[in-house]
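Heads up: the protein sequence lines correspond to chains A, B, C and D, in order. Taking full-length UniProt numbering, I'd label the letters of the first sequence as residues 1 to 284. Taking full-length UniProt numbering, I'd label the letters of the second sequence as residues 1 to 284. Taking full-length UniProt numbering, I'd label the letters of the third sequence as residues 1 to 284. Taking full-length UniProt numbering, I'd label the letters of the fourth sequence as residues 1 to 284.
Just to be clear, a hint being listed does not mean it is correct.
Copies of the same chain are indistinguishable here, so a pair counts whether it falls within one copy or spans any two.
[Said to hold, decoys possible] DSBU-like mimics (lysine-lysine), calculated; alpha carbons at most 35 Å apart, straight line:
1. Lys199 x Lys63
2. Lys63 x Lys202
3. Lys81 x Lys63
4. Lys78 x Lys147
5. Lys81 x Lys202
6. Lys147 x Lys63
7. Lys78 x Lys251
Hints were generated in silico from the structure; no laboratory data involved.
There are 4 protein chains.
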Amino acid sequence: MSDPLVLTLSCADRPGITANVTGFLFEHGCNILEARQFNDRESDRFFMRIAFDPLEADPDALKRDFAAYADRLGMDWKLAKRDRRRRVLIMVSRFDHCLADLLYRWRIGELPIEPVAIVSNHPREAISHTHIGEVPFHHLPVTHETKLDQEAQVRAIAEETDTELVVLARYMQILSDEQAAHFAARCINIHHSFLPGFKGAKPYHQAHARGVKMIGATAHYVTTDLDEGPIIHQDVEPISHADSPEDLVRKGRDIESRVLAEAVRMHVEERVLINGQRTIVFRS
Amino acid sequence: MSDPLVLTLSCADRPGITANVTGFLFEHGCNILEARQFNDRESDRFFMRIAFDPLEADPDALKRDFAAYADRLGMDWKLAKRDRRRRVLIMVSRFDHCLADLLYRWRIGELPIEPVAIVSNHPREAISHTHIGEVPFHHLPVTHETKLDQEAQVRAIAEETDTELVVLARYMQILSDEQAAHFAARCINIHHSFLPGFKGAKPYHQAHARGVKMIGATAHYVTTDLDEGPIIHQDVEPISHADSPEDLVRKGRDIESRVLAEAVRMHVEERVLINGQRTIVFRS
Amino acid sequence: MSDPLVLTLSCADRPGITANVTGFLFEHGCNILEARQFNDRESDRFFMRIAFDPLEADPDALKRDFAAYADRLGMDWKLAKRDRRRRVLIMVSRFDHCLADLLYRWRIGELPIEPVAIVSNHPREAISHTHIGEVPFHHLPVTHETKLDQEAQVRAIAEETDTELVVLARYMQILSDEQAAHFAARCINIHHSFLPGFKGAKPYHQAHARGVKMIGATAHYVTTDLDEGPIIHQDVEPISHADSPEDLVRKGRDIESRVLAEAVRMHVEERVLINGQRTIVFRS
Amino acid sequence: MSDPLVLTLSCADRPGITANVTGFLFEHGCNILEARQFNDRESDRFFMRIAFDPLEADPDALKRDFAAYADRLGMDWKLAKRDRRRRVLIMVSRFDHCLADLLYRWRIGELPIEPVAIVSNHPREAISHTHIGEVPFHHLPVTHETKLDQEAQVRAIAEETDTELVVLARYMQILSDEQAAHFAARCINIHHSFLPGFKGAKPYHQAHARGVKMIGATAHYVTTDLDEGPIIHQDVEPISHADSPEDLVRKGRDIESRVLAEAVRMHVEERVLINGQRTIVFRS
């Protein structure tokens, strides 16, 4: 097998796209490994993800030829190597459970990422429970006054490291609109509530006060609209009256870690397509 | 075994309550079958549920004696037969899946209720999928103008039938503040969302528009504060981008039915104690 | 839109199948609505399901042309109307919760089936909790001696009613090997355990005795190998030490009903393809 | 508040135990924080767990007095400090995800344990993904011939370190009957299947071959009867036909980690009582 590729695309719906795209790949000698599509009736838009083995095909020629075809149809599209580890910049504050979880999954080869930088507004010593190892750690404190400067530093690190995805792994700072726009569609946040319930700060305390019987977490793309970005993944767990806010925080850690890891996996496997305020997630 | 009794109580927390209450039952010759307690640290309030076999004890004497003790401690309390079927009035609109579910569970002896009346703002013919049988059916149409009259009729039926619990089984009308207050702590509603997300009308359409990845349902006591009553039970299920609002409505039916049935079961088994805006649910 | 069709197929894997099949549909003027495929690496076999709008295409010509193509590739395939209600024969013993659930889902138009017959080894009066209505009911008692005769009667009813699917909705009789073979790939059973745990009789009692912390149910195709047929769907729920075998039976009813309904839905929507002892389930 | 204590006990059921035990604590000036009980109808045995604040009571006098009372009733009982971290010896082979998870939960103060030793049949370098830090690591290789010797070494380490609980965190070796008996009721294993399905080796491969639609994990006490010990906790997750055995191994890691952590938490909080081949788990 050659290096498998993944093609993702979206365009206005019309008959024949599937046949044309799969026919294109067949004519170029490629072998389809996995294919999913979705027609959104509301927006009348078509979304597709195809993983394929290019076999003898030349990736560059493939890309050039497909670009010509895609242009005619006004497609948004992307052709990427399936198995290349995506370069990820992880941002974290004082709570490091999501960071520890992501790094462990990376270390054992479970999550196909390459952590190129960890950025925290706290010093490395504050992240004492996590095996950071050789991953470059950047301590970038932030105050109201220095926020824009600090964000510029983050962008600089992202650029230097060819960062493809920014993960806010319980990074308890709100990005400026500029920063959110800069990393649009390539910045995932984990919110510690089952959105849209309990937006804003201290969601577990809100949940306790309201007396809900389940708590959850939400992984979503960051947009300029706080806690309103397209949701990638969510999960919940039952709780009881006997759970204090602290118990909820503890139970929440597990949910947050696995929801974020799943969202990152879906993103780096090119399984998430953004459809306005929503997402399409092509699970295998 | 004699007819088992259930004692539920709440009072300001202080040492010795458990010992005193269980000691009281022991001295009266009763045998405890099940006991749960909860100390709410925030309100410093104590909650308890004890199911017991009175054996030789005279229930009336037991009640009288306990009343004297409970008075001294300023207890809220209730002593009830455990296995007596609670008398339930079910209200329903056009969607009858929760009604059908409750009646089936009653018929096979699974849910210890006695349905004394079904009230609907639609005629009996509109509830054509459900095996209503001999349960008295009352068609009480309601308009903005007739609302208070109709509610008075509901109260009259409840009184005549010795209704102990009103279940809003997808009854798509908002109760007036008077009605909500009248049935306080004995009226359960099923809301077709995972509250506090998607309050108000058409929650499945709201959920679809927001692009959440799970939908849910919430059973709660009705209060004058719409969709804000104490929550008894909640559950959710995963959904995907491919689910239309109609798919959500379909998937939601299952969640609504089982969440409402569980809340009703917990209530009629005297397992739910109200603690301000929240509930304590003593599962076995 | 014309009447949508569903094409399902399987064959030895080889490059170009997706392109060829979707190209075939495009050339015949059809519009693909939904498509899924799966390459089983172990058996090197390819499986596909395509729902499409034939638009102007003549279904008969389509079928004839596809047959010629499919023959060349040695395909197993089926072309069916997507929205035609499949004709279902439901078998039931004394416990009717799955029957009641299926009929309710049918009545409200949720489950696209047409119940053509109910067969029970108990008389109609024994199924007293369910709203059977006009669905033909056949009381076919069975003993060890009459089993083969009774099964012949079932086959006769199935033939007369053009039954496409037999559902064993807690039908507590074991089919003979002949009967199982006769209805191969078109007979679904609900087993009240999370197979392969607790095969055979009284699984809830087995589960209680073993002290498991979750119980479940399994919907599978019936084969001559008891409790070993290809699994279509499974689900579980947590239980506790306080649950008696009777509690497990009660909790199990909910799981059984929803697992069976989901399996039937997947089957009648032509979403289940059998792959040896396993199944492929193409959810939307 | 003084140092809270936890009393767990079991004895033949008889009226008055709850009243007597709670009365005993009240008379000694203790304040009950949490209490649970269970009457097992089958064995006619009574189980109880009480957490309490001893206030002014002298723990030693309390223990002495309670021993006298418990003796008369033939009770099995234990009085322990609630918040003292239990001393845990963790055994691991090549897969270290459960170890990493337990150590992280310990480090952030979530799991009230004190890891006194890690024992592995692989060298420390093989456990390269986990932040072991200062926890003593013992490399004790094992072969068929050296098994009994190696087990004696484990017992020696357990003795020297005052180990209270042995956790087999994916320790892929079967303990000898002697070893299992030695650590009876204080050795928890995580089995990577939803027992009793898929006992023995390579359960994920068994699950794939059988075509189940969910996989799970089981935490249980180790007994001389392999994979048959009393189950403490179980959980599952849905899988699909598209999951290879390797995918199952990956998804299984998450389930194993959280199931084992929950079982360890329940054990060290003295919430698990063994009842023959089953357990009673008193969740809060």
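For each hint, the structure was consulted:
With identical chains, the CA atoms of Lys199 and Lys63 are never at most 35 Å apart, being 42 Å at best within one copy and 48 Å at best between copies. Proximity of Lys63 to Lys202 under the C-alpha cut-off of 35 Å is found in neither arrangement, the shortest distances being 47 Å within a copy and 43 Å between copies. In this assembly of identical chains, the alpha carbons of Lys81 and Lys63 lie at most 35 Å apart only when taken from the same copy (12 Å versus 38 Å across copies). Taking identical chains as interchangeable, the C-alpha atoms of Lys78 and Lys147 lie at most 35 Å apart only when both belong to the same chain, with a minimum of 33 Å there against 56 Å between chains.
Only between protomers do Lys81 and Lys202 lie at most 35 Å apart by alpha-carbon distance; the minimum there is 32 Å, versus 40 Å within a single protomer. Taking the shortest alpha-carbon separations for Lys147 and Lys63, neither the intra-copy value of 40 Å nor the inter-copy value of 59 Å comes in at or below 35 Å. In this homomeric assembly, Lys78 and Lys251 come within 35 Å of each other (Cα to Cα) only across copies, at 28 Å, whereas the closest approach inside a single copy is 38 Å.
Of the numbered hints stated above, those contradicted by the structure are hints 1, 2 and 6, listed in ascending order.
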